[in-house]
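Turn these sequences into a full structure, and let the hints guide you.
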Amino acid sequence: MNLIEIKNTYKQYKNGVTALCDLTLSIPKGDFVFLVGASGSGKSTLIKLLYRQEKPTRGEVYVGGINVAKLRNRKVYKLRRKLGIVFQDYKLLPGMTVYENVAFALEIYGLPEREVRKKVMNAIEKVGLKEKFRSYPDQLSGGEQQRVSIARAIVNNPKILICDEPTGNLDPNTSLEIMEFINKINEEGTTIIMATHDKDIVNTYKKRVITLEKGILISDKEKGGYKTNESI
Amino acid sequence: MKAFRILIKNISDGFKSVFRNFSLSLASISCITITLILVAIAIILSENVNKFTDDIEKDVTIVVYIEKNTQQIDIDATKEKIEALRNIESITFTSKEEIRQEMSKDSDGLGTILGEYNESNNPLLDEFLVKVTDTEKIGETANRIKELPFINAVKYGEGMVEQLVKVFDVVKKITFVIVVGLVIVTAFLISNTIKITINNRKRQIEIMRLVGASNAYIKLPFFFEGIILGFLGSLIPIFLTCYGYIFLYQKLNGILFTEVITLVNPDNILFHLSIILMAIGIIVGAIGSYRAVRRHLKI
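Here the protein sequences line up with chains U and H, keeping their order. All residue numbers for the first sequence refer to the working numbering, where the first residue is 115 and numbers rise by one. All residue numbers for the second sequence refer to the working numbering, where the first residue is 315 and numbers rise by one.
By construction, these hints were calculated from the structure, which means they are not laboratory data. Fair warning: this is a prediction, and the values are worked out from it, not measured in the lab. Where a beta carbon is used, it is the ideal one built from N, C-alpha and C, also for glycine. Heads up, a few of these hints could be off.
[As the list claims (entries may be wrong)] Chain U regions said to be covered by chain H (calculated; three or more residues, Cβ under 8 Å): (1) 185 to 192; (2) 199 to 209; (3) 213 to 221.
So, in structure tokens, the structure goes:
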């Protein structure tokens, strides 16, 4: 079985909006997948299904062998420990330093402090923020904050890194910088699923591109580009 | 080792939270303090009332007057008959001569009057003093004794004693209800405090969830916070009641108004009382936080 396996999945919200319609999709280990589509196309919903923020209305969603559709709320943490998640709005805690923000993700494992320090510094180094590990989020630029959140997402060596429009709030140059880090993480073997609006990024990186429109998968291409109105 | 580190982390998070929202924590701690002081007063009161009741019950005696000119052999027989009845703890015989001397000693006026009599024309009656095991059935026992031969009259607290015991009983029940009410109110207050801490930390909780913290891990610090609040709230009441009661006891010389009503010795209750107060504080804290965590941390 592939790392991520989605079979005939539907998602309908309580207000009646159908966000996903009969979606079938599989993503093998080590893949780098761009998830593109206009606002309201269902890509955020798909991302949320992957980390079990939402449950599918119908169908099966397997992530790392766990059936997300049947995962009970109490057991969600078991799934999340296999994932790293990066958000558009970074989701950093303002009262904590860079180091503490990253270490926050390791606290739950009850590791000895020496080990925590090693892992945290390792992750911070990877995103090039070694000099700023004592800074607070509001002392950092947007790009730097996003790098902190990437460091937090990878500190536990997850199998899958889920990125929900990680460059949505950043200027083009900073976005490319962030993409470099994400690409590097992929090259080290982590599977990446990234929802994005950014045409330039998708076209530059030539990865697998999955396009959604109104909740329906309209294209899935290796080394694809960002679709606008051209035919498939 | 891993679990231990997590536990330590959770407890220290609970402490941090208490001091981070200090004004709020102070409000809850004050509430627990006030409640526990009242609880302490109620417990001390009811312990003392218990002791009064016991003391009075111990002192309750049936006085049995024996007919004039009853032979010693009949007196002995009657004594045996009374002893055979149920609910008798002890019986002592006092002769009229002993009573006369006792009364003369007690009061000068009475002494002069009684001095005119001697052993042969003593107007008093011989009597038995009977103590019962169960005060509530004293009336029944007295009636039984009355039916025996050679008995002139039977006297006991007639109603007074029973009423006193009943009043004490009501007092005890009322204090119990008040204490229970206060404890419940305090649990609600703690629950509210924790609820506000939870609200303040919504974002942190969300991120914890996202990085894979289990629900128990997220809930435990709040639970400990409640316990810590309860514990801190119990310190002042323990201190106050211990010193307060010892002070009061010494000031009153251990008695209330008369020698008949003695207070409970502090050594006998303060240790238990302290433990009870601390336990109530901690349990109330735990219940309050459990409620808040369950209701407001639907994760």
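We went through each hint and held it up to the structure:
no. : hint       : result
1   : 185 to 192 : holds (count 5)
2   : 199 to 209 : holds (count 3)
3   : 213 to 221 : holds (count 3)
This entry satisfies every hint, going by the numbered hints stated previously.
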